[in-house]
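K.L.:
Read top to bottom, the protein sequences are chains A and B.
Numbering of the first sequence is given in the working numbering, commencing with residue 117 and proceeding in unit increments.
Numbering of the second sequence is given in the working numbering, commencing with residue 117 and proceeding in unit increments.
No lab work stands behind these hints, which were simulated from the structure alone.
Note that CB positions come from ideal geometry on N, CA and C, so glycine has one too.
Since no wrong hints were added, every one of them can be taken at face value.
Listed next, with one range per pair, are the computed distances between beta-carbon atoms: (1) 203/B to 173/A: 46 to 54 Å; (2) 120/B to 474/A: 41 to 49 Å; (3) 273/A to 321/B: 52 to 60 Å.
Cut-off 35 Å, straight-line C-alpha distance, at most; resulting in silico cross-link-like pairs (DSBU-like, lysine-lysine): (4) 411/A to 336/B; (5) 150/B to 144/A; (6) 144/B to 163/B; (7) 119/A to 274/A.
Some chain B residues well away from chain A (every beta-carbon gap over 10 Å; in silico): (8) 168; (9) 277; (10) 302; (11) 348; (12) 349; (13) 410; (14) 424; (15) 433; (16) 446; (17) 455.
There are 2 protein chains.
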Amino acid sequence: MHKNFKGIEKTVFGRGSFDQLDSILSEKRSDNNKFMLFVVDYYFKGKPLEKRIPVKPEDVIMFIDVDTHEPTTEQIDNIRDSVLSSKGLPAGVVGIGGGSIMDIAKAVSLMFTNEGSSTLYQGLNLIKKPGIYHLGVPTISGTGAEVSMTAVLTGPEKKLGLKCEWTVFNQVVLDPELIASVPRNWWFYTGMDTYIHCIESENGIYNNAYSHAYAEQSLKLCREIYSGENSGQTPENDDKLMVASLMGGLSLTYSEVGVCHALSYGLSKILGMRHCYANCVAFNHLGDYYNDGVKEFKDMVKKHKVDLPQNLSKDWTDEQINAMAKVTYNLPHMWNHALGTDWKEKITLKDMEGLFRRL
Amino acid sequence: MHKNFKGIEKTVFGRGSFDQLDSILSEKRSDNNKFMLFVVDYYFKGKPLEKRIPVKPEDVIMFIDVDTHEPTTEQIDNIRDSVLSSKGLPAGVVGIGGGSIMDIAKAVSLMFTNEGSSTLYQGLNLIKKPGIYHLGVPTISGTGAEVSMTAVLTGPEKKLGLKCEWTVFNQVVLDPELIASVPRNWWFYTGMDTYIHCIESENGIYNNAYSHAYAEQSLKLCREIYSGENSGQTPENDDKLMVASLMGGLSLTYSEVGVCHALSYGLSKILGMRHCYANCVAFNHLGDYYNDGVKEFKDMVKKHKVDLPQNLSKDWTDEQINAMAKVTYNLPHMWNHALGTDWKEKITLKDMEGLFRRL
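Sequences are here, hints too, so could you generate the full structure?
P.N.:
Right under this line is the structure:
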């Protein structure tokens, strides 16, 4: 049984394409209670981009600080409830920001039409009804959240996505000008999320000609952006990074992520560590799973003088490490892909604790 | 103003995925008058694949001989009228075949809901209403018709596509096993359609980071399939060709085709020459536009001992050549891309006649 995956419905790509947002939204504004909900990274509050957002008097705009924590089920439920009770059902949700904002926009879109708490729907195909129209404008590239079938949420019990075909955006606007001002470290961590998606997608039992072709091209772009002689934050590389992120996301959609993401989920759930950063922290020590990839990753860390702390685990309690390992162990689809269907014979919970102690 | 393009809604990729067709269609069968219309390449009549098509008693299946001519507006109108008058509006249209069948399925889907002759809608965004559900199963890869926003039809006046976002398939099923039996020459001509899409997409003013990334990877795959040491019709290469076709199609969707397609349209419209073959006939003599591409193309022709006739133009009348040049001249979007907005200062109708005389 092969995956039948949903793609983004419509895609605009190009410098300055953010200015097409108004006309794109105008076709949708008459739906439901005829207003748009904008969820925007708080980073843009007071920045020039804020003035360019095509907000109409009837719209709701929320600036969300995503630096404090990753998107939570409670946060999604609260946004939905407050908008429904004050203004009713929006015509659509527009997310402007990085992976967290993309996930918030996708999750809120679904929760407007699915009753109860979002904790009820964490998992594959648990959502009952299509959400409302949702549009994503990435301002940080790398997570692939603009193309993925999942909206990852941290709930009281688990970090797991609302994953179904209706999660995928109806529209994305890919304007490379928007990612020009990403701070250096985050430019690196988020780009490495794409790199790691590809390495993990390629190294496992679900890899196939389709996921491979996307990973191969995305990796080529990552190398041009992060290791070639023309590497660095340039307009040309920003263009490439937006495409690499999309292609990396498509690769993993049709294959699967692996060991690094399994560990990273543990780090995020228990320590609140941000996803892309957690991936980098974990990947750095996974040479025995992804030898060439980790070597190349270390070269890129060095080249761009990125902060990547070591010996973090000395400050973690046994209880924390055990809790992280448990989160990690409960991601069988990732282990299945990375180590094979007999993965439980190859790695134990204890071994996973050992992996965390390396960090 | 950047293009806002519609992608395929859902995609299955993998060997044996054709067997998922029944379950995919089962979710759609209750729409409209609750039957499916299958349009299938006549090549499969009596072949093993025919028995595997999930046709129910209420369905209509048409085996269409696409060898006699390319899809015509009259043919599309007739299919629509005969089905509507005998059974009513289908729940969906399923196309199983090469590029011509893909275009027939896409065009018929649109014409079920748009009144009058399909000649009324040849062009960009002339279609008024979304068509019915349509699903494509390519059995020959290379044209990119499985992913494109157009359904190319030859009408009494012009060869031009029904081009709009609703043309794009709701679902494609990409099963590389289905292309294993494509005859050698056609395997080459259709694969070269992809190759030429990429070369043309790359060489023109509309090329951008998005179309380039797709072209680059598609070209890499084409080289593995047609020139590398492992080239040839193998299962691995069939997998790759299906992906290359998709990626080549995506590249041109977001950029544009050029000189070769402009000429090829003339050959098809006036002489009825099949699209992929016409592309090869023309591309072979376009070294002054696509120098490296044509060199590589010639090497591939040689390597696979493909029949590519020369000196065809000696049998064409001046009238025919003039008519072909006129068709070609009336494709300004292609010339615009290939030569720039001032293309009329660079090439005349007479020059285009000259290009045809080379063939």
